[in-house]
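With chain A fixed as given, assemble chain B onto it according to the hints.
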Amino acid sequence: MTPVPTHPRLGVRMAYRLQRVLRPNAGWRRLSAGIEASQTARRLFTGAERQAKQDLFGCRMCGQCALPVTGYVCPMGCPKELRNGPCGGVGADGSCEVYPELQCVWVDAYERAASQGRASDLRLLHRPIDHRRWGESSWLNYWQGRDEGLWGAAGASLDNAAGASLDNAAGASRDNKVYW
Amino acid sequence: MSLRERLASGGFAVTAEISPPRGASTDPVTKLAGYLRDWVDAVNITDNQGSNVRLSSWAGSLAAMAAGLEPVMQMTCRDRNRIALQSDLLGASALGIRNILVMTGDHPKFGDHPGAKPVFDLDSVQLLWTLRTMRDEHTLLSGRTLNPPPDCFLGAVENPSAPPLPFRAERLGKKIAAGAQFVQTQFVFDVAAFGQWMAQVRDLGLHEQCHILPGVGAVRSRRALDFIRDKVPGVHVPDDVYRRLRAVPEDQTAREGERLAAETVRQLADIPGVAGVHLLVAGNEQAVAGILAEAGVRTNEAGGRTNEGGVRTNKAASDGR
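The listed protein sequences derive, respectively, from chains A and B.
My numbering puts the first residue of the first sequence at 1, with every later residue one more than the last.
My numbering puts the first residue of the second sequence at 1, with every later residue one more than the last.
Everything labelled a hint here was simulated from the structure, so no lab data went into it.
Idealized CB from N, CA, C, for every residue including glycine.
Hints are supplied without guarantee of correctness; some may be wrong.
Simulated DEER-style distance windows between Cβ atoms [what the hints assert, rightly or not]:
| id | chain 1 | residue 1 | chain 2 | residue 2 | range |
| --- | --- | --- | --- | --- | --- |
| 1 | A | 50 | B | 209 | 38 to 44 Å |
| 2 | A | 132 | B | 255 | 55 to 61 Å |
| 3 | A | 134 | B | 114 | 23 to 29 Å |
| 4 | A | 132 | B | 2 | 37 to 43 Å |
| 5 | B | 202 | A | 27 | 58 to 64 Å |
| 6 | A | 131 | B | 202 | 37 to 43 Å |
| 7 | B | 209 | A | 18 | 35 to 41 Å |
| 8 | B | 244 | A | 50 | 53 to 59 Å |
| 9 | B | 144 | A | 14 | 43 to 49 Å |
| 10 | B | 59 | A | 117 | 45 to 51 Å |
| 11 | A | 23 | B | 116 | 38 to 44 Å |
Chain A with its partners taken away, still in its complex shape:
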């Protein structure tokens, strides 16, 4: 499935509201552990996630979701799959270099994040993704804490264990701190 820039069908305010609901807690951890205990439950859950996120965000199931810090615009829709911001080929009107009729996902991401005071999320450094995890449920990974090394602050090591968690990032973002 080729990456194609997709404007989310979920409004940005609703997305951030959902983010608060879905934040890992004992309940989500228990639920996700239960789902993972059964092959069938895991497959069904992953299928449901795929359907929902495909419809809403054009999700391609990289399994390492960046949406919480990209204004809920999927960076894997970028034809170059850039996770750290736009390339230099964005048109003056904000169009994608490869699909000039579509908006660059990072222009979209910046506008949506900035509209909610979250522009500084885009300063986070995203580590290279693990291509073995395509097709996995990123919700399960998120609740189980396996996603914590996906992005970090400057000076952080590339070693995933040293990553900042989403909660830290969101908190720092609200305080308008600089991560790099």
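Same frame as chain A, now just chain B:
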């Protein structure tokens, strides 16, 4: 004096660009290096620019070195995965190539193999981060140790005139955090807009952490002007610049293009935080000497006089090598 030393000394640096040939010979690189040798601190060797197959940038870099010109080896994320990219840095460093310019790269769609698989395993920020870690922490992305580690001076690119404009300076900040020590920009035709970006860069203090070299192009013909305006992704040619270059008779477009380039160099040199210029003149290397002399940032006379711009001289540029 190497590019790194020139920038560290606070001198006005000049880099240019050579596109390697479509063919199995480095002779064209050697020839072009001859035009540039006495005028620039280093020359970029492009990496299959525009997604068109050319002689590899490491081979072109070796040819430039042999011709007495310090190379800046361009490295895009388009064609190689993290294994090949790390391996190429080790090879380049072992062979004496020090300056590495990291960029995302054009999409294959724009080149001569539009059906090629776009790799983009790492993005430019991740590649900078990886190379810095290899150099400073002596480890690969996998965590395995390197012995000896590579020695490199890391560069990045930025396009100050592409949306989202408020994020462009911050994006440079990310690249610096990841490891960029110098940055070359896409064509600057709109000096005022570049000045606004530089103001944001200075507000963030980035010009103190990274040497900034805006890109200046010399338009050779009306066809080239239209190509740059309409076909090169992310380039903004303001209407007054376009009109100026169209206003002269067609046989004088090249001359006017050089004059405009020289003026642009002079204006950019006066912007606080600008460390030099990057001349985007691939295919027009002969113009470099004239542009720099006219801009007053270099002269070809021995003894090196300081010019009107008060920027920097001179012949010394070529002596240190």
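Status of each hint after checking the structure:
A beta carbon spacing of about 42 Å between residue 50(A) and residue 209(B) agrees with the range 38 to 44 Å that was offered as a hint. For the hinted restraint 55 to 61 Å between residue 132(A) and residue 255(B), the CB-CB distance of approximately 57 Å keeps it satisfied. Take residue 134(A) and residue 114(B): their Cβ atoms lie about 25 Å apart, and the range 23 to 29 Å holds. For the pair residue 132(A) and residue 2(B), the supplied restraint of 37 to 43 Å holds, since their beta-carbon distance comes to about 41 Å.
Remark: the range hint 58 to 64 Å for residue 202(B) to residue 27(A) is contradicted by a beta-carbon distance near 48 Å. Hint check: residue 131(A) to residue 202(B), Cβ distance near 39 Å, so the stated range 37 to 43 Å holds. Taken as a hint, the range 35 to 41 Å holds for the pair residue 209(B) and residue 18(A), whose Cβ atoms sit roughly 37 Å apart. Range check, residue 244(B) to residue 50(A): about 54 Å between beta-carbon atoms, so the 53 to 59 Å window is met.
Checked against the given bound of 43 to 49 Å, the beta carbons of residue 144(B) and residue 14(A), roughly 44 Å apart, stay inside it. Against the hinted window of 45 to 51 Å, the Cβ-Cβ separation of residue 59(B) and residue 117(A) comes to about 50 Å, which satisfies the hint. Residue 23(A) and residue 116(B) have their C-beta atoms about 41 Å apart, which keeps the hinted 38 to 44 Å range intact.
Comparing the model with each numbered hint stated earlier shows that hint 5 is the single one that does not hold.
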